[in-house]
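A.B. asks: Protein sequence lines, in the order shown, are assigned to chains A and B. For the first sequence, my numbering begins at 1 and goes up steadily by one. For the second sequence, my numbering begins at 1 and goes up steadily by one.
Be aware that a few hints might be false.
As the list claims (entries may be wrong) - If you want the footprint, here are the derived chain A segments under chain B, 3+ residues with CB under 8 Å:
1. 47-55
2. 72-80
3. 107-115
4. 124-137
5. 145-155
Hints are computed from structural coordinates only; laboratory data are not their basis. Beta carbons: idealized from backbone N, C-alpha and C, even for Gly.
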Amino acid sequence: MNLEEYRTLFIVATLGLTLIAVAPTLGMIVPIPSGSEQFSELWLLGPNHMAEDYPFNITSNHNYSVVLGIGNRLGYCAYYLVEVKFRNQTQSAPHGFNRTPSNLSALFNITAFVADEEIWELPLTFSFGYTYNETLSQVKFYNLALNDFELDMKNYTIVWDVENDGFFGNLFFELWLYNMASSSFQYHSRFVGIWLNATVSNGV
Amino acid sequence: MTKLTVKSASKLLVLLIVLISSTSIFMSKASASNLEDTATASIETAENALVSAYQAVLEAEQAGANVSGLLARLNVAGGYLANAHIWYELGDFDNATRFANLSYDVEEEVRNEAYELKNEAHGLWVSDLWLRMTISIVGVICVVFLGFLAWGAFKRRYHKRILGMRPKVVSDES
Chain A
1 MNLEEYRTLF
11 IVATLGLTLI
21 AVAPTLGMIV
31 PIPSGSEQFS
41 ELWLLGPNHM
51 AEDYPFNITS
61 NHNYSVVLGI
71 GNRLGYCAYY
81 LVEVKFRNQT
91 QSAPHGFNRT
101 PSNLSALFNI
111 TAFVADEEIW
121 ELPLTFSFGY
131 TYNETLSQVK
141 FYNLALNDFE
151 LDMKNYTIVW
161 DVENDGFFGN
171 LFFELWLYNM
181 ASSSFQYHSR
191 FVGIWLNATV
201 SNGV
Chain B
1 MTKLTVKSAS
11 KLLVLLIVLI
21 SSTSIFMSKA
31 SASNLEDTAT
41 ASIETAENAL
51 VSAYQAVLEA
61 EQAGANVSGL
71 LARLNVAGGY
81 LANAHIWYEL
91 GDFDNATRFA
101 NLSYDVEEEV
111 RNEAYELKNE
121 AHGLWVSDLW
131 LRMTISIVGV
141 ICVVFLGFLA
151 WGAFKRRYHK
161 RILGMRPKVV
171 SDES
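Produce the complete structure using the sequences and hints provided.
C.D. replies: This is the structure in structure tokens:
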């Protein structure tokens with residue numbers, strides 16, 4: 001190696017050491033992107049905080065419990081809205097593949113602010129008030145009591161499912177996320193729900 | 001004459017009663033409408049304040065502040081707002097207004113605290129940046145200075161070595 005080559009080597013080594021000395025300052029100014037994926041989780045657990053013992057056969061004005069949970073992995077504190085909806089077998093459902101929400105209006109909205117990398121859970125106690133019309137073979141709802149809130153369900157009916165022998169309704173929760181850019185909530189492509197069988201006094 | 005007067009008086013009385021009752025109905029309707037308008041306005045104000053408070057919390061978080069306490073209170077404000085919506089739908093505008101105002105109060109507190117936290121976090125960030133910049137500048141000066149010294153020493157050693165390898169003329173007297 002001649003002197004010129006040694007000089008180049010010295011300059012490169014000095015530049016390398018200079019970069020190391022500048023790194024703490026650069027780390028504060030230049031944002032380092034986190035390689036992890038950004039997403040949210042939505043779950044529904046049974047009354048024992050396990051994915052089991054979900055209510056299925058329900059009776060009018062009887063209390064049932066589930067636990068609703070949200071996990072935030074978005075990289076920032078998020079403002080969520082959970083739309084509580086109920087549908088019968090023929091009404092609009094949220095679509096998992098097309099990532100579209102149900103076009104039914106929400107019975108109730110739950111807002112949740114969740115810090116990054118944290119979870120938020122809400123125990124839900126609900127009871128449906130309904131009557132059975134034997135002539136029309138249908139169950140007509142009049143209210144839903146959800147965590148002490150009385151919600152009107154006057155336009156909700158379920159007809160008898162001949163194939164599966166029951167009055168089946170789907171209580172589901174859609175997750176919406178507040179978007180600062182558009183100043184509105186946008187459907188966050190996540191939903192959970194449970195199917196319920198509204199039993200009536202004659203043993204159905 | 002007396003009969004006519006009594007008849008007119010009774011007519012007048014009926015007219016007066018009708019007038020009073022219609023006025024009271026009109027007044028109560030106007031009052032209900034006024035209450036509804038107040039409740040609508042309060043809910044709308046609380047909803048906007050909630051978004052505004054969230055934005056302030058988001059900015060505080062981006063500045064490096066710990067916002068978990070503020071988020072817990074925003075959840076409380078969101079609960080009040082949900083109550084306001086329910087009371088509104090039930091037609092109880094007094095309670096709807098009351099819960100919307102409760103929500104608004106919490107939101108304003110959160111927003112102000114978020115701005116304070118943001119400024120505090122920004123101040124800490126700036127002082128940290130100054131410290132790191134000072135360390136970096138001192139580090140760069142040391143590296144460059146030591147580099148020059150090392151290079152000078154190396155160059156001298158190199159020249160000495162090269163000169164030591166120079167062929168020497170040896171006298172051949174024998």
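A.B. asks: Each hint should be assessed against the structure and marked as holding or not.
C.D. replies: Okay, the hints, checked on the actual structure:
As drawn, the region 47-55 of chain A meets chain B at 0 residues by the rule of a beta-carbon pair under 8 Å; below three, the given contact is violated. Proximity of the region 72-80 of chain A to chain B, defined as three or more residues with a beta carbon under 8 Å from a beta carbon of that chain, is established by the 3 residues found. Counting residues of the region 107-115 of chain A whose C-beta sits closer than 8 Å to any C-beta of chain B gives 8, which meets the bar of three, so the coverage hint holds. Chain B is given as covering the region 124-137 of chain A, and this is violated because 0 residues of the stretch bring a CB closer than 8 Å to a CB of that chain, at least three being needed.
Three residues within the 8 Å Cβ limit are the bar, and the region 145-155 of chain A against chain B gives 4, so the coverage statement holds.
Hint compliance for this structure: hints 1 and 4 are broken, all remaining hints hold.
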